[in-house]
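A.B. asks: Input sequences plus hints: build the corresponding full structure.
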Amino acid sequence: MNRNDIDLYKQFVKTIFKMRYKGSLLGFFWVLLKPFFMFLILFFIFSSTAGQVGNLTSKQYAVYLLSGLIIYTFFNEGIIWGMNSIMERAGLIVKINFKREIVVISALTMALINFCINLLIIAVIGLVLNLSFSLVGVSYIFLICLTMFLGMYGIAFFTSIWMVYVRDLAHIMELVLQLMFYASAVFFPIEFIPEQYRFIVKFNPIAIFIQSVREALINQNITNLNFVLGSLAVSLLLVLIGSFYFKKNILKVAEHF
Amino acid sequence: MKDISISVRNVSKDFKVPVKGHSNTLQERFLNPFQKTQYREFVALKDLSFDIKKGEFFSVIGPNGVGKSTLLKIVSGIYLPDKGEIDVDGMLVPFLELGVGFNPDLTARENVYLNGTILGLTKRELDEYIDEIFRFAELTDFADMSIKNFSSGMAVRLAFSIAIKVKSDILVLDEVLAVGDAEFQKKCYDYFDRIKGKKSILYVSHALASVEKYSDRVLWLKEDRTYEIGDPKTIVNKYQNAV
Chain A
0 MNRNDIDLYK QFVKTIFKMR YKGSLLGFFW VLLKPFFMFL ILFFIFSSTA GQVGNLTSKQ
60 YAVYLLSGLI IYTFFNEGII WGMNSIMERA GLIVKINFKR EIVVISALTM ALINFCINLL
120 IIAVIGLVLN LSFSLVGVSY IFLICLTMFL GMYGIAFFTS IWMVYVRDLA HIMELVLQLM
180 FYASAVFFPI EFIPEQYRFI VKFNPIAIFI QSVREALINQ NITNLNFVLG SLAVSLLLVL
240 IGSFYFKKNI LKVAEHF
Chain B
0 MKDISISVRN VSKDFKVPVK GHSNTLQERF LNPFQKTQYR EFVALKDLSF DIKKGEFFSV
60 IGPNGVGKST LLKIVSGIYL PDKGEIDVDG MLVPFLELGV GFNPDLTARE NVYLNGTILG
120 LTKRELDEYI DEIFRFAELT DFADMSIKNF SSGMAVRLAF SIAIKVKSDI LVLDEVLAVG
180 DAEFQKKCYD YFDRIKGKKS ILYVSHALAS VEKYSDRVLW LKEDRTYEIG DPKTIVNKYQ
240 NAV
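Chains as they are written, first to last, in numbering that gives the first Met the number 0: chain A, 0 to 256; chain B, 0 to 242.
These are calculated hints, taken from the structure and not from any lab test. Do not rely on the hints blindly, as some may be mistaken.
Dumping the calculated DSS-like pairs for lysine-lysine here, alpha-carbon to alpha-carbon at most 27 Å [what the hints assert, rightly or not]:
| # | chain 1 | residue 1 | chain 2 | residue 2 |
| --- | --- | --- | --- | --- |
| 1 | A | 13 | B | 147 |
| 2 | B | 122 | A | 21 |
| 3 | B | 52 | A | 94 |
| 4 | B | 197 | B | 1 |
Some chain B residues flagged as far from chain A (calculated, every beta-carbon gap over 12 Å) [what the hints assert, rightly or not]:
| # | residue |
| --- | --- |
| 5 | 11 |
| 6 | 18 |
| 7 | 138 |
| 8 | 141 |
| 9 | 163 |
| 10 | 193 |
| 11 | 241 |
The beta-carbon is built from N, C-alpha and C at its ideal position, and this holds for glycine as well.
C.D. replies: Encoded structure:
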């Protein structure tokens, strides 16, 4: 990492940010509005049927839903943007010899920025609902987010390369992510899942991350710490192996764009 | 290796060109599971070797489709050769196109920072150069206008003004003169005069007069994939007689 790499990284992130919301009237506020409206829709559907959702009061459900949506959105955007990053910069990559990894990490950084902005919504809604945040709980959420970020960075080293060879990956991934959305209990309490299928949520890392964030937010409890630390180790390993794989293959894919 | 900037040793490169409407999707394989995709081998470069000395102006000429651009991309570290080795000693910046990464929706100023960092400059260096870049491009009054409102001439002027600020030991230039008007070409030639002997240059062009004038040596890539290296006058003459 030299000075120019860092500057280039900042430039890429800035450019993606400017381009993503350029030309739209509300611009950057869509980052906030999109998950917020998604939240409102799901909240009214589920909490209007009864005073409570499962064992949750509607106030608890609001936080439950919001944290699920935000973690899931982070996952969704990180996976998709990471996967598309190299293809999207193909024009640049065949013309100049800068460090290709910067393209991948800028895409993921964009997802991280969105996530942090979304956290602000939770903070605001939390204050409105008179929720108490604990320092330990909030730090734990950041640890989970770091774990996910590294994991997705590692995955993107592979998917961004594969994407060049097999364009279908975009459609396949869309389906996988749709499946993950339902398998992660984003908008319904786990008790809604029949007993014999609950293992899906028990062994789904994203579901576990979401549950841990919820516990940290609603009850200020640290849960699944071992799992999170284990995932952090696996994520670091993924980044290491991934960057090795990426370095070996990025020059080979250049002629396949 | 001490006085050599670029060393190309026995480099070969083939491309596999799919014969029938091949696309990178699984669809075709589903529809025709027994049909193997047929490729036609296209030989771009065959057993090519040469060295470029430090400070040498080395040009490549030849008809279209003999692998000139492929050679530049391999030397620049964008493509991988199938066989052979490339050694580059020093910082190499390729100009296969001017204004790489220019984003039409950003302002000229934003594009200077974007393009400049892509070419290896730091933000601090660009802060220092930016006024000079706009002055040299004669676009000071347009710094905050979107590039999409620029004429192509203006965009090229801006790109060139950034390019000449780039710090490098080796420049790889592909047809950079083809894009501008006479005035722009004069600026390019002035620049060549200034850097000649100071930087190693690998230059591809169809402008044979400029090749003959500036080069120390010329590589002629022929259609039968043989090649010839020699002093500019001889090679350019031979090439002109051959066409």
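A.B. asks: All hints, please: hold or fail.
C.D. replies: Verification of the hints:
1. 13/A / 147/B: 19 Å, holds
2. 122/B / 21/A: 23 Å, holds
3. 52/B / 94/A: The hint holds at about 24 Å.
4. 197/B / 1/B: 16 Å, holds
5. 11: 14 Å, holds
6. 18: 16 Å, holds
7. 138: 20 Å, holds
8. 141: 19 Å, holds
9. 163: Holds: least Cβ distance 16 Å, greater than 12 Å.
10. 193: Holds: least Cβ distance 23 Å, greater than 12 Å.
11. 241: 29 Å, holds
Checked against the numbered hints given earlier, this structure breaks none of them.
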